[in-house]
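Residue strings, one per chain:
There are 2 protein chains.
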Amino acid sequence: MKQILSGLLLILASLWPAMHQAHAADALPSWNDTATKEAIVGFVEKVTTPNTTTFIAPKDRIAVFDNDGTLWSEQPVYVQIAFLIDRIKLLAPQHPQWQTTQPFKAVLEGDMDTLVHSGAEGLLRLVAATHAGMTSDEYHQLVRDWLRNARHPKTNRPYTEMVYQPMLELLAYLRANGFKTYIVSGGGLEFMRAWVEDIYGIPPQQVVGSSLKSKFEFRDGVPVVVRVPEVEFVSDKEGKPVAIDQHIGRRPVMAVGNSDGDLQMLQWTSAGDGPRFGLIVHHTDGEREVAYDRESKIGKLDRALDQAAQMGWTVVDMKNDWETVFPDN
Amino acid sequence: MKQILSGLLLILASLWPAMHQAHAADALPSWNDTATKEAIVGFVEKVTTPNTTTFIAPKDRIAVFDNDGTLWSEQPVYVQIAFLIDRIKLLAPQHPQWQTTQPFKAVLEGDMDTLVHSGAEGLLRLVAATHAGMTSDEYHQLVRDWLRNARHPKTNRPYTEMVYQPMLELLAYLRANGFKTYIVSGGGLEFMRAWVEDIYGIPPQQVVGSSLKSKFEFRDGVPVVVRVPEVEFVSDKEGKPVAIDQHIGRRPVMAVGNSDGDLQMLQWTSAGDGPRFGLIVHHTDGEREVAYDRESKIGKLDRALDQAAQMGWTVVDMKNDWETVFPDN
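Taken in order, these protein sequences are the chains called L and V. Start counting the first sequence at 1; every next residue gets the next number (my numbering). Start counting the second sequence at 1001; every next residue gets the next number (my numbering).
Quick caveat, the hints were computed from the structure, so don't treat them as lab data. Treat the hints with care, since some could be wrong.
As the list claims (entries may be wrong) - Calculated lysine to aspartate or glutamate pairs in the DMTMM-like style (CA-CA distance at most 25 Å, straight line):
| # | chain 1 | residue 1 | chain 2 | residue 2 |
| --- | --- | --- | --- | --- |
| 1 | V | Lys1059 | L | Asp60 |
| 2 | L | Lys59 | V | Glu1121 |
| 3 | L | Lys89 | L | Asp111 |
| 4 | L | Lys237 | V | Glu1138 |
| 5 | L | Lys237 | L | Asp328 |
| 6 | L | Lys300 | L | Asp111 |
| 7 | V | Lys1215 | L | Asp306 |
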């Protein structure tokens, strides 16, 4: 009986991908039938068809995604910055020195230009001030509590509804085809881990981000790992391929981003042998989202856009390629 | 048709674990029928039986394993040290300053005491000197070439045959029960990644180890990630829970080690809520392997052994619990 059942199971399991693949196009209903969708589906079918020269073994099907501006909206300000601003304001009475120290001063004065200009390092100083001494669990709880109540300044929707529906579908489509989907973001590692499993289906071990150092200690006799206010790693620009090599240890076959911060990740992915796929989300839709690229302070897309044609990267024209931008309420 | 097939598949898939579980004991043939094996199987059955208070969801089934002395032999010297010694000797003519600089001097003079005493930091300086400027792929190739020809000084077998057969079975048994198996070792990350997927079935993204910093650069127009001679992280003792929190982002439910270097990983794993399993490999078999614990320079097991009873950790008595130690030729 066991042998018959296991034989049947193997036969059915082998039929399953074929049945599934035939319906691949349905997996991306929020993508219009343009060349972009065709390129994505073409790549996935090409690398998952056995006994071809372009077949990629499941263990090598690694896809890396930037987060801000690629999986969810980053305008008018990175969501993590909105969180940090609220947090810094809440804690400011206990830290009078923040009135005169950057980037805290910029936060308290609402000086977004200075704040954005302080970059990933400045962001990590804010993270350090609001995260140090906490365990990951404690920090995750803070982030989740904030996300439940915070609203996007323009749409008044929770930030977790400002994710891109076509990208949710792309993540699921890739996973259904044996890909492991990773986030590789300049944003804070623990800020993302607090919610990305629920929203994107990406588990914590597949999240790579900027991080603080930690230490192991006993707190009231209980062993804990707590953050210390010192930058461990900035996972942006050149830091992205470095973080991928360190954390994943395989070169991705697919990289998805939206800004020059993703350029090196795209370059490094494309330089591998065999089929590779680079995808750039170009924010062309000023009506349903925000139109921005070369001149934007947040999510500047300039050099990566210039290199796209030469490198064979596919560029998403958000306005024309996406039937829907955000999930329905 | 598709619906019928998928329905059948789901039914069969749901029967599969039950059929499989009934034969769990067969999965560990190199383990004698002692209390140790009973404890392991009891834990796995307890946490994989649905609709019980002890059930652990598959996503939380994280098991972490030390490598040296836990998955393969670490006596008379860590295998990575043997590799580094051969490598340093090969490169020494081009580095005259090594004759007078530790830990290189110790290597060239065969002074193992000084070498072992230089610890993980000393080891990483040797790694830095032999790895810097290389990509991961280049380093993996060096390690694989060396492993093909190197032989264990006592048994004359390839080091990759000095792995513990009962632990190979335990890794496979856990994976068959939905666990993700990770290595968390003080040893070099890339030294392990070169071979552990072939030997243990553990993919590179599930290997955590001590590491050097890297940089992204263009080499003859090709983007590469290369190591720089600077220590990034030492994944030993207190570093193990820190590395787990950073890399995996979930607290393991099972930790397996063999020395005081694994104590903090065991403590941190055990401090989580719900069922937890700590396992310590005690090297009690002087005939088939090497008997050592409290006084050993390599793989010293002292404090962790003292705490085992109080913490409820299971201790493997290698001599009595293992029917076989190494795989058959």
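Structure-based check of all given hints:
Under the criterion of a C-alpha separation no larger than 25 Å, the hint pairing lysine 1059/V with aspartate 60/L is consistent with the structure, at around 21 Å. About 33 Å separates the Cα atoms of lysine 59/L and glutamate 1121/V, which puts this hinted pair outside 25 Å; it is violated. With a C-alpha separation of about 13 Å, the suggested pair lysine 89/L and aspartate 111/L falls inside the 25 Å cut-off, and the hint holds. For the proposed pair lysine 237/L and glutamate 1138/V, the alpha carbon gap of about 24 Å is at most 25 Å, so the pair holds.
Taken as a hint, the lysine 237/L and aspartate 328/L pair is broken in the structure, with Cα atoms around 33 Å apart against an allowance of 25 Å. In summary, the hint linking lysine 300/L to aspartate 111/L is supported, as the alpha carbons are separated by about 19 Å, within the 25 Å threshold. Simply put, lysine 1215/V and aspartate 306/L have alpha-carbon atoms about 24 Å apart, close enough for the 25 Å limit, and the pair holds.
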